[in-house]
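Chemist: Please take these sequences and the hints and turn them into a complete structure.
Protein chains: 2
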Amino acid sequence: MKSIKAATYYVHFKEKGYQELNTLLTKKDYSSIFILVDENSMECCYPKFIPFLETDKRIEVIEIESGEINKNLETCAGVWNAMTELEADRKSLLITLGGGVITDLGGFVASTYKRGIDFVNIPTTLLSMVDASVGGKTGVDLGVLKNQIGLFVNPEMVIIDEDYLATLNERESRSGIAEIIKYGLTYDTKVLSQLKSFNHLTLSNLIHRSIEIKNEVVLEDPKENGLRKILNFGHTLGHAIESYFLESKDKENLTHGEAIAIGMVCESYLSSEVLSLPKEKVLEVKNMITSMYEKVLIKPSDYAAILDLLKHDKKNVNGQVNFVLLNDFEKYQLDCKVSNELIIESIEFYNS
Amino acid sequence: MKSIKAATYYVHFKEKGYQELNTLLTKKDYSSIFILVDENSMECCYPKFIPFLETDKRIEVIEIESGEINKNLETCAGVWNAMTELEADRKSLLITLGGGVITDLGGFVASTYKRGIDFVNIPTTLLSMVDASVGGKTGVDLGVLKNQIGLFVNPEMVIIDEDYLATLNERESRSGIAEIIKYGLTYDTKVLSQLKSFNHLTLSNLIHRSIEIKNEVVLEDPKENGLRKILNFGHTLGHAIESYFLESKDKENLTHGEAIAIGMVCESYLSSEVLSLPKEKVLEVKNMITSMYEKVLIKPSDYAAILDLLKHDKKNVNGQVNFVLLNDFEKYQLDCKVSNELIIESIEFYNS
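The listed protein sequences correspond, in order, to chains Y and L. Residue 335 in the working numbering is what sits at position 335 of the first sequence, and the numbering runs on without skipping anything. Each number in the working numbering corresponds to the 1-based position in the second sequence with 1000 added.
These are calculated hints, taken from the structure and not from any lab test. We put the CB at the ideal spot given by N, CA and C, even for glycine. Please note that the accuracy of each hint is not assured.
To be verified - Chain Y regions said to be covered by chain L (calculated; three or more residues, Cβ under 8 Å):
hint: 1; segment: 78-87
hint: 2; segment: 111-118
hint: 3; segment: 150-160
hint: 4; segment: 317-327
Claimed, not checked - Cut-off 30 Å, straight-line C-alpha distance, at most; resulting in silico cross-link-like pairs (DSS-like, lysine-lysine):
hint: 5; chain 1: Y; residue 1: Lys314; chain 2: L; residue 2: Lys1311
hint: 6; chain 1: Y; residue 1: Lys223; chain 2: Y; residue 2: Lys299
hint: 7; chain 1: L; residue 1: Lys1314; chain 2: Y; residue 2: Lys28
hint: 8; chain 1: Y; residue 1: Lys27; chain 2: L; residue 2: Lys1311
hint: 9; chain 1: Y; residue 1: Lys5; chain 2: Y; residue 2: Lys311
hint: 10; chain 1: L; residue 1: Lys1091; chain 2: Y; residue 2: Lys314
Modeler: Here you go:
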């Protein structure tokens, strides 16, 4: 599988990745190597990873608790303190080994520790492979607001190895599929047909193509002033719904994929109401999503809180919610304004 | 006073600064303006500043508690939460108005809020004017470790207006002088002679020249791989002493200037022991410092803790403390190793 050249670094696949990592270790002569994991990646991925590492430098493992609920400043402080106690210095390297929480939080922690040390990302979930490999977004949540604190910064390299996926449960795998659907809807519908014949053999290609698409988008618009906003399709409402379920004591948390899957159904509906996305394509999206994800009940009593969370979306300017919507598949329009009534209608469309 | 061109922005002086700020506000069409102050700059600087601001945009003031003790992640979280509640968006501007705690913390908070918003620094203390105007260092302390968390990032502009200095007490003013002495010792001894004839008229020139020197240094070495380390002269021991006094319940906190003044005396002593700095110049430094700063008592029982704090210095690699020392005034040498015994001797030299 061909390496992908991102802004300042490469995404490498399988064995090639570990070779390049060992070359980097030699070249940069790091003083020590820190590996950030959670209890899941420690158990399932770390034993697979560690034999590939060729180094005589000190290796320290820092483990945090898994889950979006721990993607916060308290966890960062814990990691910073651990790195301090273990005497990480400016020539230390941080390797993140885990899902999106680990790579997002790890990148933020590394790039702000002593004003920045090198880091390498090894995403181990389908979601983090297709979503977090390129683009330089790092960060943590502030309260329920997703990725409110963070920065754009690039790793030294990213390694993709699907062998780590064998350890995922089905719900986690499905979480990544939603992002792949997004690439299909907004950028390249061929991805959607590939998804229909989805199996273990096509998975590699789908991951590679997803990273390629995201890379093309972020190279053209690194700071999210235009084109890159298409990557937020389904995320405006999706993030609000994800945050709402995260903070609600009587709701079970949704995976990121489950939340943005709902978001994509709603925002497809909005696209047909506000723009010209054909109704039959809206139904196509809804069918695709509901065949893959269990239906989530969003009650009328939930609407107000979800609308309230929308006003913190990072794309907003002057308090106005800005949706990215579709004129058609592969044809986006930025900065669409939508009334609260229509947003509620779109959730009801999902519910129906 | 001529504007100074830093890496990606300008340092402007007096009226010219406010004109340029108003031009920036028009050009960038910010959605809202946030001003970060502490209770001192709110009382003494904000009323001077606000009449200069020409804008019809919403202005919000966020006040934090003054003092190094509050330069931490908890304060950041408070500011991030306030900005969130006041609906700061990606097109908001943060203006920092205050001393080094405000400009360092404010720059960090701005550049990590929603992955980064613009900020403008208006340092209002002598120390922050000569130390924090250029170089892009932002950050906060982690426990007692100074600036352990932060990043290199540049403001949109810096405004220097000595009118704010009128509000400083004498101890605060002296804190800035130590940094000016550092520029003299390490880079340009003419600064030292100017300091001797120090008065209100020469102050403007000293501030301008200090910023110019720091700018030359950081332009040549932005990421502190070589030359820039001279700016740490006096800071290796100085920071450890500052941290120690900050964490000791029975010691009065030192200002940054007081701490690095001690650090410069000690490191001058080390320079004569390890390198070739003439003894009479060591005495010259000691006399200059002790004529300006009250003697601080560092007891033998304090030594161990200070030595322990040294091992967290950000210049360290592989657990080895790296001093920047002087072969002579204006002639530095990087990465000098010094035994603990000699470090203690240097503190005793200061005490003597």
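Chemist: Each hint: holds or not?
Modeler: Evaluation of the provided hints:
no. : hint                    : in the structure
1   : 78-87                   : holds (count 4)
2   : 111-118                 : holds (count 6)
3   : 150-160                 : holds (count 3)
4   : 317-327                 : holds (count 3)
5   : Y/Lys314 with L/Lys1311 : violated (40 Å)
6   : Y/Lys223 with Y/Lys299  : violated (36 Å)
7   : L/Lys1314 with Y/Lys28  : holds (18 Å)
8   : Y/Lys27 with L/Lys1311  : holds (26 Å)
9   : Y/Lys5 with Y/Lys311    : violated (35 Å)
10  : L/Lys1091 with Y/Lys314 : holds (10 Å)
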